[in-house]
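> Model the full assembly from the supplied sequences, consistent with the hints where possible.
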Amino acid sequence: MAEDEEESYVPQPFWSGTIAFGLVSLPVDLYVAHRGRALTLHRVDEDGTQLRRRYFCPRDEEILSKDEIVRGHPVAEDRHVVVEDEELEGIAPKKSREIDLRRFVAVSDIDPMYFERAYLLTPGEGGVKPYRLLARTMEEEGLAGVATFVMRGNEYLVAILSEKGILRAEVLRFADELRSPADVGLPEPAEPDRDEVRRFTKEIRGLQEDELDREDLIDPDDRRLMDPIREKLRTGKDVVEPASRREPEEGEAEVIDLMEVLKKRLGRESRDEGGRDLQAWTREELYDRARALEIPGRSRMTKAELIDSIEKATGS
Amino acid sequence: MSPARAIWKGVVCFGEARVPVKLYSAVEDRRVHFRLLHREDHVPVSQVLVNPKTDEVVPYAETLRGYRTEDGRVVLLDPQELAELAPEPSRDIRIHAFLPLGAIDHRWFARPYHLGPDGDPGAHAALCAALEETGREGLARWTMRNKTYAGALRLHQRHLMLISLRPAEEVVPVDALEPPGGPELDRKELSLAHRLMGLLEEEFDPSRYRDEYRERVLELIARKAKGESVEVEPVPRPPPSEDLMRALEESLEAEQSHG
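Quick note, the sequences are listed as chains A and B, same order.
My numbering applies: residue 1 is where the first sequence begins, and numbers increase by one.
My numbering applies: residue 1 is where the second sequence begins, and numbers increase by one.
No wet-lab data here; the hints were simulated from the structure.
Cβ atoms here follow ideal geometry from the backbone N, Cα and C, with glycine treated the same way.
Worth double-checking, as some hints may not be accurate.
Chain B is faced by these chain A residues, among others (derived, beta-carbon under 10 Å) [what the hints assert, rightly or not]:
| # | residue |
| --- | --- |
| 1 | 22 |
| 2 | 23 |
| 3 | 24 |
| 4 | 62 |
| 5 | 130 |
| 6 | 134 |
| 7 | 138 |
| 8 | 166 |
| 9 | 174 |
| 10 | 193 |
| 11 | 197 |
| 12 | 214 |
| 13 | 219 |
| 14 | 224 |
| 15 | 259 |
| 16 | 307 |
Counterexamples of contact, computed for chain B against chain A with all Cβ distances above 10 Å [stated by the list, open to error]:
| # | residue |
| --- | --- |
| 17 | 8 |
| 18 | 9 |
| 19 | 11 |
| 20 | 20 |
| 21 | 83 |
| 22 | 89 |
| 23 | 90 |
| 24 | 91 |
| 25 | 92 |
| 26 | 119 |
| 27 | 145 |
| 28 | 257 |
Structure (structure tokens):
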């Protein structure tokens with residue numbers, strides 16, 4: 001089960017930038033390739049009203065908006081150095097809006113322990129042809145492009161790889177983020193007893209299967225939770241009926257599934273911002289877009305200023 | 001580095017076999033951590049739950065969990081019911097299938113753990129040898145701290161490793177997506193792209209990549225701690241290549257002249 005996020009709306013790219021392959025430049029948007037859990041339980045009060053998470057200043061006992069919050073790094077007891085997002089972006093290497101593919105490695109050479117999480121890549125304006133060219137070449141060669149790049153105040157090591165014509169960025173862990181068996185202090189495996197090895201091997205052969213069944217990865221905790229939920233819906237116990245047909249609240253646009261956005265973004269020939277005019281976006285959506293584009297000063301911008309700077313950054 | 005502390009103890013079970021193990025995280029968090037502060041007075045913020053209709057803070061102890069159906073009904077569950085639905089505690093890391101290496105695609109991998117022997121090193125060594133001989137990896141299930149995990153039990157540098165796997169619902173099914181389409185790709189461009197990629201091919205050497213930005217961030221923090229101000233400049237984004245063929249040819253030339 002997962003804690004719910006803030007209000008949901010059209011999924012926005014996590015990052016927008018450029019992939020460089022030699023002198024070929026390819027604008028891309030990165031979307032998370034992992035969705036939330038299938039079963040979401042919201043925090044509600046006894047009337048079934050969904051509660052919202054808010055930041056709170058314990059000293060002033062007041063609820064804070066996003067603009068009233070800043071990041072701080074602890075340097076001493078009760079002392080933080082305040083760091084603005086724009087400062088973190090400002091010290092990024094010059095080409096930080098670019099993933100420069102200078103090295104290609106066999107996908108099968110990368111140990112599974114390196115893979116941290118994945119993003120799907122969709123082509124930006126004018127990027128469809130180089131996208132297809134890169135995807136096809138990498139897939140035919142069985143290679144992944146490996147590079148580091150900076151996104152939102154962190155440096156990432158990524159392997160860009162291609163599967164069925166779709167590019168994916170796999171974020172890899174840095175070598176110094178991983179411990180070897182020796183780091184952990186594991187002794188070298190002892191000389192095994194041959195009879196025991198034979199016994200184990202026999203058990204392994206008895207449980208042999210050829211393929212991974214997606215069904216085997218369905219979360220049993222979620223599954224178990226559905227039983228009482230279905231039972232309550234059947235009897236009507238602990239079920240809150242909606243007072244009226246629920247109108248979307250302000251700032252809560254219609255929910256569009258990540259898959260729908262990906263289909264649209266992969267399918268189109270030219271960028272159309274999901275078919276919606278920036279004017280119709282909520283401030284929250286504009287802010288997320290500005291964050292993906294790492295536009296400086298965005299936290300203090302008005303809606304009009306956000307629209308203006310997004311248009312400038314994307315050249316539309 | 002001093003030996004790490006085990007985070008959990010369990011028993012790998014398959015058929016009649018039982019191998020006691022200790023789990024160690026194979027990941028070390030090295031990110032620079034930030035706290036969120038109130039901009040005005042630099043007090044670290046906390047999170048509260050608020051009723052959006054009244055703007056009132058609701059204490060955690062008074063909250064319930066709600067499951068919302070598609071038609072807008074909300075099913076309420078109280079903390080006691082949820083506690084009863086928690087998975088049974090168990091030490092078993094149950095392997096229910098052994099798959100050929102590679103059958104579990106890297107999209108599923110979440111977090112790696114080293115497994116060390118817990119007591120008897122003989123059974124542990126025998127399991128390593130048996131995995132080596134069969135060339136297989138185990139598909140595991142276990143319950144750790146009130147949560148059920150799936151994992152891949154495999155060999156890593158002759159030692160046992162367990163990598164947790166993401167639940168099925170969390171991984172976007174790529175098969176359901178269509179790749180970007182268009183006219184047939186130009187043969188000459190394709191062959192140039194292959195040649196360029198061939199020149200840039202090498203062995204994967206993870207030690208070659210360093211998180212240099214982490215060091216810059218720490219440096220920035222140190223400077224700011226001394227009260228220095230920091231200038232910020234926006235970073236431009238390069239335009240897409242219009243002439244693919246020319247870009248490829250020039251890249252290839254540049255690469256070849258490097259040797």
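> Next, verify each hint and record whether it holds.
So, going through the hints one by one against the coordinates:
no.: 1; hint: 22; verdict: 2 Å, holds
no.: 2; hint: 23; verdict: 4 Å, holds
no.: 3; hint: 24; verdict: 5 Å, holds
no.: 4; hint: 62; verdict: 9 Å, holds
no.: 5; hint: 130; verdict: 6 Å, holds
no.: 6; hint: 134; verdict: 7 Å, holds
no.: 7; hint: 138; verdict: 7 Å, holds
no.: 8; hint: 166; verdict: 5 Å, holds
no.: 9; hint: 174; verdict: 5 Å, holds
no.: 10; hint: 193; verdict: 6 Å, holds
no.: 11; hint: 197; verdict: 5 Å, holds
no.: 12; hint: 214; verdict: 5 Å, holds
no.: 13; hint: 219; verdict: 4 Å, holds
no.: 14; hint: 224; verdict: 6 Å, holds
no.: 15; hint: 259; verdict: 7 Å, holds
no.: 16; hint: 307; verdict: 17 Å, violated
no.: 17; hint: 8; verdict: 14 Å, holds
no.: 18; hint: 9; verdict: 14 Å, holds
no.: 19; hint: 11; verdict: 14 Å, holds
no.: 20; hint: 20; verdict: 14 Å, holds
no.: 21; hint: 83; verdict: 12 Å, holds
no.: 22; hint: 89; verdict: 13 Å, holds
no.: 23; hint: 90; verdict: 12 Å, holds
no.: 24; hint: 91; verdict: 17 Å, holds
no.: 25; hint: 92; verdict: 14 Å, holds
no.: 26; hint: 119; verdict: 12 Å, holds
no.: 27; hint: 145; verdict: 12 Å, holds
no.: 28; hint: 257; verdict: 13 Å, holds
In this structure, only the earlier hint numbered 16 is contradicted, and the remaining ones agree with it.
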